[in-house]
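Colleague: Here's the letter readout for the chains.
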Amino acid sequence: MTKQAELLQGTLDLLILRTLDLQPLHGVGISDRIEQVTRGVFIVGPGSLFPALHRLAEQGWIAGKWTELGNKRRVKVYELTKSGRSRLAAEKRNWEKVFTAMNRVLAEES
Amino acid sequence: MSWISRATVLFDQIFRRRRSDRDLDAEVGAYFEEVVDRYVERGMSREEARKAARLKFEGPEQVKQNVREAQTGAVMEGTFRDVRYAARMLRKKPGFATVAIFSLALGLGATSAMYSIADALLLRPLSVPKPEGVIAISPVTDQMFPGLSGISYPDYAQFRDHNRTFEGLIATSFSSFGFAPNRENVPKMKYGMFVSGNFFKVLGVEPQLGRGFLPEEDEGQGRDTVVVLSHELWVSQYGGSVSAIGQKLWLNGIEFTVLGVTPESFSGTDQFVRPALYVPFALSPRMGAVNNLEDRQVRWLAVKGRLKQGVTIAQAQSDIDGLTNELQKTYPKTDGSLRMKVETQLQFQTNYAPQRTVFIAMLGLLAVSVLLVACTNVAGLLLSRSATRAREIAVRIAVGAGRLSLIRQLLIENLFLALGGGIAGLGIAYAAVKSFTSIPLPSDLPVKLDMQVDTRVLLFTFGASIVTTLLFGLAPALISTRPDLVPALKAADAMTSKTGKPWGRNLLVAGQLAISLVLLVVSAVLVQGFQAEIVRGPGFRTDRLFVASLNTSLLRYADAQTELFYKQLLDKTRLAPDVNSATLASSIPISMGASQLGVVPEGHQLELGQEAITIFDNVVSDNYFDLMRIPIVRGRSFAESDNKDAPAVAVVNEQFAHDYWPNQDALGKRFHLRTESGKLVEIVGVARTTKYLSISEAPLDFVYLPFAQNQQPQMTLIAEAKSPDAAALAPVLRQVVQEMDRDMPVFDARTMHDIYTNRAVKTPLLIDGIISALGAMGLLLAAVGLYGLVTYSVSRRTREIGIRMALGANPFSVLKMVLKEGLGLGIAGVAVGLVIGVQLCRALTHTAFLSIGELSMVPFAVVSLFLLFIAMAATYLPARRASRIDPLRALREE
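Residue numbers (our numbering), protein chains in the order written: chain A, 16 to 125; chain B, 1393 to 2286.
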């Protein structure tokens, strides 16, 4: 999993969906992008990445397609589907709700 | 969406595991390769890079395992949750589950049992490879039992050698053989088959051991005396030993060599009788059937074949028609009216005995109507439940349950019911088949009624139960998951918002009552008819008689020898201890061995193409009528003077006399035997009509011929005992026969009483039992349905009833109101049922093979009253509950 920070339950899905929202990527690409964007806070290893990818594909939110890279390596590139896009929107709203709620709680305490 | 895609994943995992595995392999593999490449770019060696990647992450195997768990886990977890929930829901309403499963079980049990019976009696294909390709060729006849007529050997040879549409045509004919494994043994009677030389080859049956016949073994007078044994005979006589091949055995006193053994799965080409052994036709003249290979009037073969590639039945028919035309022209005397029918084996089986087919179709229809009642019951239950569950479903949708996951869950609930009903139904079917096979057959014939609950029955049962529950359980569920939440949540019950009566349910229940009334009335009428026949009796005596069959052709007696043998047999039997009297007959009434005879009454105009009128006959010796106590109403019975040199005579029954000489005296009238040009026979007596084939038959035409003028090798000795214990004659008769010829086999030895009770009493009673059971099931189901409907309607109207009572209605008027509702349905159902029942029973009385007698109104009245009483009882319980509703509580329930 991650060394830097514990992933909140359900956040991995949101991370992946959001990442694929920008552009279709393959496994390593997704890991790299998440690491870059979060500046190394979240590092997603294959042990949690692949189950999440397959779970999302199963739900029909993302779809994988075999593609050949420049170096002749065949990889499965995932992209967001239409229902994945609306799922992302819903997850985003949900996250914002949770985020604001958490912040309120924390603000009150301090 | 979610569960469909999950289902596809589950499907993938089960059926395409390998493919999805390979996919995952490649994907995870590519990931690690890329990581390793990256390390190598940073300057590590490939080996070090691999190690580093493995240290940093879980290994590829672990990753794949994680993925798999995520996939199956999700699907399985959801399903298990649904199963658990479904079980809990059904447990919460045990009454509902019990009634639904019980209804399904009854309906399915009845239909499955009937299907097993129909399969054994009618539908099962021959036990050969590609049985659907077997085609039957049989003569067109207007006989009551078309299956009893056959094709002559020379005609068969013509078809076999000159047809252009068949791969091959085979012929078979049953025959009894005197079988002895050693010269010293007393031969035993075995039923075997004469078969054409191409028999095994055309059918595609490979002998399990040894070989089948060569073509030259069925040519001329038969090259070698060879025999192929059935698997059963091989096991019983040779202990299933390989050394049986090549061994010698004796058939009708002739030495034979065992060529081969048929496989266990092969049961011959007859549905019921399993031949013990197979002998080429060419050997039949040597076995005692002297002219049978040349005489075109001895029609004793059953012919079947396989079509050439791409040939249709219609083409084969016209091919055979062409050959038949030639035969008609070449042999006008014997084949002038010959017509042939080419049909599939299944068609042949159903046309073989039309009575049987009609009978089975009738039972099947009754069973299906029970299934119908059961299904409507379950449908009604599920419909009413879906109404009560509408609120629960609305709540669950409101809190965010997906419509599809709800449907999946309802699906699982319904499958629970279907499986429960299916399993219990199979149990019932199994018990029914078991009781049906327990009836013994009154003959030594190796008849095997192979009734079983097989895979097809299993599939049928579960298929039917699943379709029923899904159709009636899921369809309403689909409607109730339509997200129109507000009214459903508001109303205590979604359905009360709809005004008006549940017409669909009312119709179902009234229909159920009507169908069960029809079932009960038909069974009552049949039972009454059978009972009346049994009380009336068969028309001949059945007490103190012992019968035993003999066949002199098994020892190849010449005609003179046969004559002498039977004459002496009668004399010696009459003198034997404990014997009062004895006679001979070619067949025993009601036993199954009835033979048929073609006759042409003098001056009778035959229909075009008709060769003769076929009627049942019996060849008897002179004191048959006395001994069997069959009254001669006109003229005389046979006398000793009716011998070979005297004019040919016959005794006919009253029915025959009435049919061909109405309002005339049949005495002195004459008829031709076999064909219009056949020997003339004079009628010297008219006997009372008795029962000949079964106790419930309508009166049949029948002819008796004197044995002295119509000698034949196989006869049955009937002996009358001095004491009531007829079975005591068994050793006496055996002793008499042994003293005359120690090699003579005695078979089918039993008391007349045995034959009569098994064939005439037990079988009809069993059939009655089946029909009554079907009727009772129908009634039970209808009562449950009515009870369910009224209970449901009362529970829906609790509030209304509460208001009525609060406004001053007394309990009695509430009781009356509810009772009226139920009884209205009862009366409607009974009325419709009566109309159908009367029509059906009328139709039944007109069928030729069932004599029900005068249609009495008593069963109709009794059954109708009974049904109304049941309807009343089923309504009374919920009605009483309604009348005791406490208005305060009913109103507060909101």
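Source of the hints: derived by calculation from the structure; they are not laboratory data. Since the model is a prediction, treat every value here as computed from it, not as a measurement. Among these hints, one or two may not hold up.
The calculated lysine-lysine pairs, modelled on BS3-like cross-linking and capped at a C-alpha distance of 27 Å, are [claimed, not checked]: (1) B:K1640 / A:K87; (2) B:K1448 / A:K87; (3) B:K1522 / B:K1580; (4) B:K1725 / B:K1443; (5) B:K2071 / B:K2036; (6) B:K1700 / B:K1593.
Just the calculated beta-carbon pair ranges, DEER-fashion [what the hints assert, rightly or not]: (7) B:E1440 / A:E111: 24 to 32 Å; (8) A:G85 / B:A1479: 22 to 30 Å; (9) B:E1450 / A:N86: 49 to 57 Å; (10) A:G85 / B:R1480: 23 to 31 Å; (11) A:E83 / B:E1450: 22 to 30 Å; (12) B:S1797 / A:N86: 57 to 65 Å.
C-beta: ideal position from N, C-alpha, C; glycine also.
Colleague: Each hint: holds or not?
Modeller: Hints versus structure:
Proximity of K1640 (chain B) to K87 (chain A) is assessed by CA-CA distance (about 79 Å); at most 27 Å being required, the pair is judged violated. Restraint check for K1448 (chain B) and K87 (chain A): satisfied, since their Cα atoms lie roughly 25 Å apart, inside the 27 Å limit. Note on K1522 (chain B) and K1580 (chain B): the hinted pairing is violated, with a Cα-Cα distance of about 35 Å set against a maximum of 27 Å. A threshold of 27 Å between alpha carbons decides the hint, and for K1725 (chain B) with K1443 (chain B) the separation of about 101 Å lies outside it, so the pair is violated.
Using a Cα cut-off of 27 Å, the hinted pair K2071 (chain B) and K2036 (chain B) holds, with the two alpha carbons roughly 13 Å apart. For a cut-off of 27 Å, the pair hint linking K1700 (chain B) to K1593 (chain B) stands: about 14 Å separates their Cα positions. Under the hint 24 to 32 Å, the C-beta atoms of E1440 (chain B) and E111 (chain A), about 45 Å apart, miss the expected range. Checked against the hint of 22 to 30 Å, the C-beta distance between G85 (chain A) and A1479 (chain B) comes to roughly 56 Å, which is inconsistent with it.
Here the CB-CB span from E1450 (chain B) to N86 (chain A) is close to 25 Å, at odds with the stated 49 to 57 Å. In this structure, G85 (chain A) and R1480 (chain B) break the distance hint of 23 to 31 Å, their C-beta atoms being roughly 57 Å apart. Here the CB-CB span from E83 (chain A) to E1450 (chain B) is close to 27 Å, well matched to the stated 22 to 30 Å. For S1797 (chain B) paired with N86 (chain A), a C-beta distance near 44 Å fails the hint of 57 to 65 Å.
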